[in-house]
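Each protein sequence line maps, in turn, to chains A and B. Read left to right, the first sequence gives residues 137 to 372 (the working numbering). Read left to right, the second sequence gives residues 137 to 372 (the working numbering).
Among the hints, a few may not be true.
What follows is a list of derived Cβ distance ranges for each label pair [as the list claims (entries may be wrong)]:
#, chain 1, residue 1, chain 2, residue 2, range
1, A, 309, B, 204, 54 to 64 Å
2, A, 257, B, 321, 15 to 25 Å
3, B, 257, A, 176, 28 to 38 Å
Since the hints were made in silico from the structure, they are not lab data. The beta-carbon is built from N, C-alpha and C at its ideal position, and this holds for glycine as well.
2 protein chains.
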Amino acid sequence: MSAATTLDRAAVERIVREIVVGRSPGGAAAASTEDVADSNLVVSISARHCHLTDAHVERLFGPGQTLTPMRELYQQGFYAAEQTVMLVGPRRRMLPNVRVLGPTRPHSQVELAFTDAISLGIDAPVRASGKIEGTPGCVLVGPHGVVELDEGVIRAERHVHMDFRHAESYGVDNGDRMNLRIRSGTCSVVLEDLLVRADATSKLEVHIDTDEGNACDLDHAESVELLLTEKPCSCH
Amino acid sequence: MSAATTLDRAAVERIVREIVVGRSPGGAAAASTEDVADSNLVVSISARHCHLTDAHVERLFGPGQTLTPMRELYQQGFYAAEQTVMLVGPRRRMLPNVRVLGPTRPHSQVELAFTDAISLGIDAPVRASGKIEGTPGCVLVGPHGVVELDEGVIRAERHVHMDFRHAESYGVDNGDRMNLRIRSGTCSVVLEDLLVRADATSKLEVHIDTDEGNACDLDHAESVELLLTEKPCSCH
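Construct all of the structure, not just a fragment, from the sequences and the given hints.
Okay, structure coming up:
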């Protein structure tokens with residue numbers, strides 16, 4: 137009863153693209169730094185982290201302080217900083233060492249997995265990075281001072297970075313959605329509706345969070361594929 | 137380019153079965169107790185928990201002690217006990233309050249999400265319940281005493297309980313695999329290869345862990361469907 141046989145072979149090959157598995161680095165930083173060819177897909181797990189404004193860096197770490205790059209991320213120009221902050225939730229529950237990612241941004245933002253947010257007692261909404269209007273806040277504690285965020289705590293929406301060349305080859309535009317299939321022992325999943333973030337320079341890389349990465353045991357995955365969301369069958 | 141139109145309508149309806157979303161109870165206990173009709177599917181999140189032997193109950197809680205039911209689980213005869221234990225990993229990291237589920241069993245077993253296992257420093261394998269040969273151990277600490285488990289720490293393989301009537305209606309046998317699709321905002325997933333555990337009396341219920349439940353935000357899911365794993369298209 138397979139309907140695949142009724143699909144044109146070329147159409148199937150346009151939909152399904154076999155790619156290389158990017159392993160998460162583990163630990164607190166946010167993205168894989170593996171050196172893979174641009175044409176291969178990297179899937180990176182973003183562990184909980186925060187982005188800060190220049191003013192908040194000074195408030196937390198001291199006047200005149202700036203972020204110190206500790207490790208380059210896979211996307212050019214981005215890095216895990218040496219600095220970490222303590223995150224405190226509304227019921228004085230806390231996470232002691234949350235990595236700061238650089239460079240600094242116009243708005244501070246905290247990105248948590250739901251498991252993290254629940255442990256802090258924060259009802260974090262799923263948002264694209266930067267869309268923080270109306271989201272919950274929290275308290276950031278650094279070695280020099282404290283920042284009380286009124287908003288900015290989100291679960292980052294799963295997404296895939298790519299350049300326009302990759303977008304054209306997949307037949308998608310910036311803002312479209314794609315599916316990601318991860319084959320992994322008996323933990324295989326299809327993560328649906330990844331937001332496509334296409335620009336002139338980004339490398340091909342999916343960002344998922346620790347809940348998603350742990351759900352499918354990404355560290356031991358056998359393969360990953362990006363799929364178009366146009367549904368060629370009833371099972372999607 | 138939808139291939140669904142080439143599928144016989146009855147075949148589609150045999151594959152796709154719309155069902156009711158079971159919400160997780162939150163908190164430390166293991167499964168939903170919602171009262172839904174047997175013909176509807178319940179998806180329950182099993183938070184970290186353990187099963188104990190009679191001897192281990194006495195060692196942890198005192199001579200002559202037995203488990204005290206606190207809340208009935210959805211599957212008849214099973215319950216979250218009032219008792220909890222502290223779990224200690226190999227590097228003296230710990231989880232303070234892990235729920236005990238009853239009734240007691242011939243072998244003690246600890247079921248963790250990967251997020252829990254990583255926080256304890258335990259490399260937990262994915263196993264079907266009861267298949268604990270060669271798995272890591274841990275230390276259980278109760279108010280009366282301590283149990284050092286040589287093995288038994290697993291991530292429980294995602295599975296679906298059902299009775300033979302449901303199995304026949306899905307066209308599956310005990311030990312087969314099915315897929316579960318969860319539609320949930322921009323967090324939708326297909327969890328693949330759920331183990332079918334069919335017997336004479338079980339209610340229709342999927343068990344997933346907190347990583348899987350958080351990956352798809354099950355608490356806010358719009359629908360769940362059980363799908364046959366026979367792949368009618370290229371996208372699975």
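Status of each hint after checking the structure:
For residue 309 of chain A paired with residue 204 of chain B, a C-beta distance near 59 Å keeps the hint of 54 to 64 Å intact. At roughly 21 Å, the beta carbons of residue 257 of chain A and residue 321 of chain B sit within the given window of 15 to 25 Å. The hinted range of 28 to 38 Å is satisfied by residue 257 of chain B and residue 176 of chain A, whose Cβ atoms lie roughly 32 Å apart.
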